[in-house]
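**Q** Single-letter residue listing:
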Amino acid sequence: MNVERILINALEAGIGLETVVFALAAIGLNVHFGYTGLLNFGQSAFMAMAAYGIGTTVATFDLPLWLGVIFGLLAAVLLALLLGIPTLRLRADYLAIVTIAAAEIVRLTVRSVTFEETFGGSDGRQGFSNDFYSINPYPEGFYGVGRFGFSERPIWVLTVGWTLVALSCLFVFLLMRSPWGRVLKAIREDEDAVRSLGKNVYSYKMQSLVIGGVLGCLGGFILALGRSSIQPDIFGTETTFFAYTVLILGGAARVASPVVGAMIFWVVLSLTDNVLNEAIDAGYVSTSIINNTQVGQFRFMLVGLSLMLLMIFRPQGIFGDRREIALDAR
Amino acid sequence: MRRRVAVALATMMSALVCVLGLGAGVAHAEGESIFGFLRNAKGGDLVPVEGAKITVKGPGVNETATTDDTGRWTVEVGKPGTYTVTIDQKSLPKGVTLRNPDADSLKVPVVESQDKPVLFALGKSTRVIQSKWAQAAQLSAEGLRFGLIIALAAVGLSLIFGTTGLTNFSHGELVTLGAIIAWWVSTGNLPLSLPGYGGVNFLVAAAITLAIMGLIGWANDARLWGPLRRRGTGLIAAMIVSIGLSLLLRYLLLYLFSGSSRAYPAYRGQKGVDIGPITLSPADYISMAIAIVVLMAVAYALLRTRLGKATRAVSDNPALASASGIDVDGVIRTVWIAGSMLAGLAGILLGIAQGINFQIGFQILLLMFAAVTLGGLGTAFGALVGSIVVGMFVTVSTLVIPAELKNVGALGILIIILLVRPQGILGRAERVG
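Here the protein sequences line up with chains A and B, keeping their order.
With this note's numbering applied, the first sequence closes on residue 351, and no number is skipped along the way.
With this note's numbering applied, the second sequence closes on residue 598, and no number is skipped along the way.
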C-alpha cells in the first residue's frame, strides 16, 4: 500500500475541483434549506443550467464564453422562477417533489437524441473552455510542494473556484446579517408569524430560491470549465443528494459549513476509494468480495448511510445549532 | 403486432437473399467486387429497378455504378477492405423508395477474392402498416398495464404518507427489491451461496418474495421508522433519512445484482396473443388481471374492514384516531407490511414486463410521486386514479413525442397540476401551504 500517495490524493481532493463544486452547490442549498427552510431537491438542475449555458453557447452556437456565462445565469434565474411559481405557496414536500421532478426533466431533455444537435445527447458537450484557459495567468509548470500540487490548468480553475467560494460565503454572510436575512430565518421558524407582520412570504421565498439557485449554478460553471466537458448524467439526483450530505455534514444555517462539509466529504471519499483500491490491488481484499469497479458503488452506499446517520443522530452537523434546522414540515 | 411485422420482414429478406444467391453464381468478376440487384417488391413480384446510381467509396475507390435492365450493378474494388456503399435515392424511379430512407449508406467489409453482395431493401416501409388508431389501442393497453403496476406501488406510498406523513423516497427500492428477490429465488442465483438450492417454480418464488417483502416492510417500521417516530424526528428529517436509505439500498442492490439487465427465465420470449388490435403476451394479460384483483381487494379492505376503516381514520387525524381507541402504531405497522408487499408485487410484474435491473424501482419513483400528487396526496383511491392516468399518459404520449421524452411529459404534467389543482383530482380542497 502506498500510504504517501493515498494521503496526497486525499489532500488534493480536499481542495480539488469536486470540493469547490460541491461547496458552491451546498452554499446555494444553505440559502434554500438552511436559512429559508425550502427543500430544494433539484440543485443539480441549477448546476446543469450553468454547465449547459456555456456548453451550448460556445460548443453549439460558437459564441464567446462570457455570453455563455450570462446565459447560464439567466437560465438559473428562470428555472428558479419556473419552479417557485407553482410550489412556493404549497407545503415543503411539494417543493421537494417538484424540484426533483424538474431536475429529471432537465437531465432527460439534455440527454435526449431529439435535442442532440443542441445539447449533444448522452455524450454532452466538449471544447468550450478554450476562452477560459487562454486567459490563464499561470505559466506552464507544476505548482505545489513535493508531489502534492497541481499543474497550470487545474490551479487556474481552482483559483477562480475558491475565489467564487470566498465571495459567495461573504455574500451569504452579509445577506444573512441584513434585515432581509432575518426575514428569511423568520420564515424558516414560523411562516405565519412573518405573514402576520405584513411581509410577503411568497416573494421572500422566491428571492431566496433565485439567489440559492444562482449560487449553486456557479458550481456548475466551475465543474464544466474544470473538466472541459459535460455529460448529462453528472446532473442526476445523486449530485443533489451529495450536496445535501455536504451541507448537513457541515451544519445547515452556518456560513462556512458548506465549505468545511465539502472538504471533509471529499477527503473521506478519496480516502475510502484509494484505500479500498490499494487494498484490492495488494490482494488484502479478495476480488470476489469487491473489485475495483465496485469501489465506486461502495462510495454511494457510504454517502447514503452517512446521510441517514447524520440526519438521525446529528442533524445539526458539525457546526450547526439543532434549534435552527428546519426539520419539520408545516 | 411488432412480432408479426418482424416475421413478415424476415420472410421478405430471405426471399431477397435467395435472389442474390442466384446472382452470385452468375457473377464472374476477377478479384474483388461489390455487386447487387435492385428489385422492387410490388404485389408479390420483384420488379428490377433500372438506372439507379450506387456509389462505392473506400481505399482508392470512388466509383458510381448504374443498375442495368435486370437491376444489377457491379463495382470492381480491386482489393480487400471496408467500403461504404451509398445509394442515390434521387436516382430511383418514381414510386420506388428505400424501405428505410435513413439506411441509404452501408459499410461493407470485403475479403480476398470475394464478390460481395450488397442489399438495399426497397418497397413500402413495413413498419408503418399499423394505423394510428391501432397504435393508440396497443399503447393504451400497454399504458393500462404500466398504470396498474404503478398503482400497486403507489397505493402503499400513499398509505404510508397518509398515516405517517413520511414522503418515502426509498419506496422505489422496495419495488426493485421485489423484482430482484423474485429473480434470486426463482433462478437460484442467490448472492450468498446456498448449497443444494437450484431455484424453484416462478409462482412459488413470487409467493416467497412477497413473504420476504412483508418482513422487509415490518423491519422498515419496527427497526427504523417506528423508533424515529418515537424520537419525534421531524418530517423533513425523515424524508432526508429516506433519501439516504434509498441511496444505500440502490447501490447495495447494484453491488449484489450487478448493473446488467436480466429477465425471469419463465417469461422470456412469450408469443403474443391478439385481442382486436392489441397484442400482449399471456404474462401481460395475467399481470393485469392480478393487479386489478389485488387493487380491488385493497379497495375492499379499506372501505369495508375494521382495519381499513382504522387506516383511513389514522390518515385523517392520528391524534383523534388514537383517542378513539385505535391502535395507531399497529395500523402503521400493517400499512408498512402491506405497502411493502404491494411494492414487491409491483416489482415482480414490472420485471416481467420490462426486465429487471437495479434501478427499475427508482426509475418509476418519480412517476409514483406524480401519480400520488395527481390523485391527491395521502388518499389511497387518488393514488389509484392518478397511477392509471400517469401510466396511460406516459405510454400513449409516445404516439406524438419521442419515447425517450415520455417521462418528461408526465413530470411536466405533475408541475402543471400543482399549479391549477394542488390538492389533486380526488383530494379535498384545503389549504396545503
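None of these hints come from the bench; they were simulated from the model.
We treat Cβ as the ideally placed atom computed from N, Cα and C, and that holds for glycine.
You may find that some hints are simply not true.
[What the hints assert, rightly or not] Residues on chain B that point at chain A, a partial pick, calculated with CB under 10 Å:
#1 L413
#2 L417
#3 Y420
#4 L576
#5 L584
**Q** Taking the hints in turn, state whether each one holds.
**A** A quick look at each hint next to the structure:
no. : hint : in the structure
1   : L413 : holds (3 Å)
2   : L417 : holds (6 Å)
3   : Y420 : holds (5 Å)
4   : L576 : holds (4 Å)
5   : L584 : holds (4 Å)
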